[in-house]
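Engineer: Please construct the entire structure, taking both the sequences and the accompanying hints into account.
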Amino acid sequence: MRKWTSVITAALLTLSLGVAGCANQGQLSGASGGEDILVGVLLPVTGNNATDGKDMQNAIEMAIKKINDGGGVLGKKLKIEVADDGCDPQMATTAANKLVSQNVVAVVGGYCSGATLPSSGVFKNANIPMIVPAANSAKLPAQGYDTLFLINGLTPDQAQTAADYMAANQAKKVALVHDNSAYAKDLADFAKAAVEKSGGTVVAYEAINPEEKDFSALATKLKGIAPDATYFTGYYAAGGLMVKQFKQKGVFGLFMVGDGSFSEDIIKIAGADQAEGLLITATPTAEFIPDAEAFTTEYKQTYGNLAPGPFSALSYNAVNLLADALKRANSTDHDALKKAIKETKDFQALGQTISFNAQNTLDTSNFAVLKVAGGKFTLAK
Amino acid sequence: MDILVQTLADGLVIGAFYSLIALGYTMVFGIIKLLNFAHGDLYMLGAFVGYTLLSLLSGSGTGAGLMGIVVVLLLTMVIVGLIGMGIERVAYRPLLLAPRLSILITALGVSLFLENGSMIAWGAQYQVYPLQLSHDGWNVLGAQITYTQMGLVLISALLMLGLHQFISRTLYGKAMRAIAHDQTACHLMGIDVHKVIGLTFFIGASLAAGAGTMAGAYYGTVNFMMGFIIGLKAFTAAVLGGIGSIPGAMLGGLLLGMMETAGTFVFGGSWKDVVAFSLLILILVLRPTGIMGEKVTERM
Amino acid sequence: MSLSRKKISVALLLIVLCLLPFLSNNYWLDVATLALFYVVLAQGLNVVVGFAGLLDLGYAAFFAVGAYTTGILMTVYHWSFWLTLPVAMAFAAVVGVIVGAPTLRLRSDYLAIVTLGFGEIIRILAINLSITGSASGIYGIPRPSIGGYVLSGQMDFYYLILIVAVLAVLAVRRLGTSRLGRAWMYIREDEDAAEAMGINRINMKLLAYSIGAVIGSMAGSIFAVKMSAIAPLSFSFTQSIMILLAVVLGGLGSIPGVVLGAVLVIALPELLRSVEDWRYLIFGAALVAMMIFRPQGLWPARYEVSKTASRVSPSVRKGDEADVSLDVEKYNA
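Those protein sequences? They're chains A, B and C, same order as listed. Numbering follows this note's numbering, with no gaps: position 175 of the first sequence is 177. Numbering follows this note's numbering, with no gaps: position 10 of the second sequence is 281. Numbering follows this note's numbering, with no gaps: position 182 of the third sequence is 202.
Bear in mind the hints are in silico, worked out from the structure with no lab data behind them. Wrong hints could be hidden among the right ones.
[To be verified] Capping the alpha-carbon separation at 20 Å, the derived lysine to any residue pairs in SDA-like fashion look like this:
1) A:Lys249 to B:Tyr489
2) A:Lys56 to A:Leu76
3) B:Lys304 to C:Ile312
4) A:Lys251 to B:Gln396
5) A:Lys251 to B:Thr419
6) A:Lys56 to B:Gln396
7) A:Lys126 to C:Val170
8) A:Lys270 to B:Gln396
[To be verified] Partial pick of chain A residues on the chain C-facing surface, computed with a CB cut under 8 Å:
9) Thr48
10) Ala274
11) Glu278
[Claimed, not checked] Partner residues are not named here, just some residues of chain C that face chain B (Cβ under 8 Å, in silico):
12) Leu75
13) Pro122
14) Thr123
15) Ser128
16) Tyr130
17) Ile133
18) Gly137
19) Glu140
20) Asn148
21) Ile151
22) Ala214
23) Met224
24) Val268
25) Trp298
26) Leu301
27) Gly304
The structure presented is a predicted model; accordingly, all values stated were derived computationally and were not measured. Even for Gly, the Cβ is constructed at its ideal location relative to N, Cα and C.
Structural biologist: Right under this line is the structure:
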């Protein structure tokens, strides 16, 4: 027993010393990498959202390479350090602290709002600017952090886009369905307000479990209510099944989904026949941006014919915006950089012109309505 | 009226899946008093094995005809049944005499292993079944009932009937019932207890796998976490019917399926699991023997 | 001799832990903080599973009760953190009694399922209720302060949780060696015999369950102010499993073992970042292997005070509760 005690204590001591040692090493390499400007990247690269995360990481790497090939910024090269937030608040906090301890100049990333809420706080405490290409809960800017910048349209903008489209298509009776995730519930709540403001009525407001596969009870219920349009604000896995089962049960009206369901997989899961006519509110991917052909071609060439993901173009924009701000700040100092990002005026990026309002969010929304036609996404208006 | 019929019909399909899984729970519990936490994951495994086999079949150009589907279903049931037997041999048999806590934790470990092993093998993403079942059907009293739904319920009923015949008519079935009653005596009578326990795991696993393949084909998507919640629900069904009782498991599954569909209709989808779990706790506390369970004097 | 050696080791360990913030960077400090949270949680669960032998698969529910109580009281009613702490703990004890009283008389595997169901119900409630901020949870929880000094940095929380962890370890250790602890272990080893000896098993089990709840809730309260934002995702079934894993890995009922288990459960995944996808697979296999080959854990508990007893403790723990009516030779075949 005594042997055990001392062995374990020794092991623990070694572990903690090793930890301390690692820590020092980390700081050392951070300091010795003075030639490069280290940019933190915080994305879900494992878990259920890994696909979108990887698509974003690819675009970020592409942008970095392009900038470095063009001579870098401030005479230095950009280098990224990727940390995995796994879309989990606890993991995101640890990952954010990891980036902070590596002395990153700025951070690009944030996919799930739930994970970005706490991680943005870590960067706020360290005074490190964070540019968020995807997460768009209205709660993010509501925190009032001066280090946090959002370049995706916000949830209220998306809800408004959906409500406008419904109003324009005489859909007065609207059913809202969310999957109980922070993001989807937010969007459904804003959509409710927007629909009611434009004179429509919300005839059903339902929640489902994200892992659910059987929506027959919901379909039966909605069929009885007969809404003019149903808007599902959750993710594609449930969305695809819902489209399919609603079609089979013959639920009436338009079917619209939010940008969490903006994925080729929703067509695959629903089946091309059932997905025909499906509407999506989303920020258009590179394929729909007129001046982004070069980006799409290059992306496909670099990543083995893989098409860019829903947030690839935005991630690409985030890096370019950061590089531009670094040039204008002419320094890697956190305060100067923060100020430069804040002062961004009409920055021309793929599919959007970026200027920030008082909340550090876009002053014009970039949402559009897409429609599935012939098994493919097309612009609806 | 049409809503009621529709709800009952939809509930019947889910209930059939619950029943098939609950049977495995009940059989294993009846024979060695083990709550096999990993049982729901065998359902998931069945869905994935079926997915891979169907992909191979449709990939080779023959296309998945009706015959193909039946062959895939049977093959999946055999493969996963063997995996179930393997799990019993490797993880549970060495622990049959250990404290109950140990074997429960082992079952939990097996469950984690199967879930994450499947995630590594097939990916964390939802996979889409390479099969689209027909959406045509009959209109019964205003409710839409598809041929697929009827087919699935029919297959499930056949499987359950087969099981019932096996248990009540064959020698092995007799041995199972005997072991559930008194293992030591069975051993003295010259019954190969190990073999029969292995067979029980095989049957339980293959029924769950059958449900998994059918659910995969019916809904169209599979992923590695699909067994967790449904495993709990099936357990609820087994308890509802009376754990250890085979007709109880069938009845419990169908009842739970219909109650859940009705509950979703009334309370909304996000409360569905709360309804099921509260029901489970209530039954365990108020009437642990369920609807058809026998009164057993057992404690701890 | 052995005692003084042990004391020196413990003192050394404590010194290293106190100095850690000065030796380590933010990242490892965060990992260490998380590990200390797990030490507290695992010690709480140790009382329930390790001492009293009640398999609780929904322990994260009490972690959630603490976190949400503090979160709601601080954001909605603007209480001071230090006031919410006892309230959260008392509330968790009440919840523990409400859930435990009807269910603790159930068989151990039924109890496991009931606690699992209870854990899921708490999580689903947190997602669905508006008072808990539904799916996005509660954010903007203020920082606690001590006499004007606001705890805000990582280091502050590290020391806070370090103190709590040391207290929890001491408390659980004392509980284990007390009259209560002996009663729990008696119940765990042989319930009938315990009852025959005049131990009220239901009350004792309820007490263990509630004490576990109180400790878990305390960790939850601190977690809420440390993260300043809480969401239902942090209180999932996986969280319950990881805490249980820490207890089982370290050694059921063993105080130092459970500490070691908690550190391993947090530190290993961080060290094994490169094999991210494999880690739960490895954990699952480890659980099975552990139960078969070393059910007493990495650092087993000593049950008897005498030195000879510590050597035979594994066999003492194995088999005695086996209510499966089988004879041994049959299964050696």
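Engineer: Against each hint, give a clear statement of whether it holds in the structure.
Structural biologist: Tested hints:
no.	hint	result
1	A:Lys249 to B:Tyr489	holds, 15 Å
2	A:Lys56 to A:Leu76	violated, 28 Å
3	B:Lys304 to C:Ile312	holds, 18 Å
4	A:Lys251 to B:Gln396	violated, 27 Å
5	A:Lys251 to B:Thr419	holds, 13 Å
6	A:Lys56 to B:Gln396	holds, 13 Å
7	A:Lys126 to C:Val170	holds, 17 Å
8	A:Lys270 to B:Gln396	holds, 13 Å
9	Thr48	holds, 5 Å
10	Ala274	violated, 32 Å
11	Glu278	violated, 31 Å
12	Leu75	holds, 6 Å
13	Pro122	holds, 5 Å
14	Thr123	holds, 6 Å
15	Ser128	holds, 5 Å
16	Tyr130	holds, 5 Å
17	Ile133	holds, 6 Å
18	Gly137	holds, 4 Å
19	Glu140	holds, 6 Å
20	Asn148	holds, 5 Å
21	Ile151	violated, 16 Å
22	Ala214	violated, 11 Å
23	Met224	violated, 14 Å
24	Val268	holds, 6 Å
25	Trp298	holds, 7 Å
26	Leu301	holds, 4 Å
27	Gly304	holds, 3 Å
Going down the numbered hints, you'll see the structure goes against 2, 4, 10, 11, 21, 22 and 23, while the others check out.
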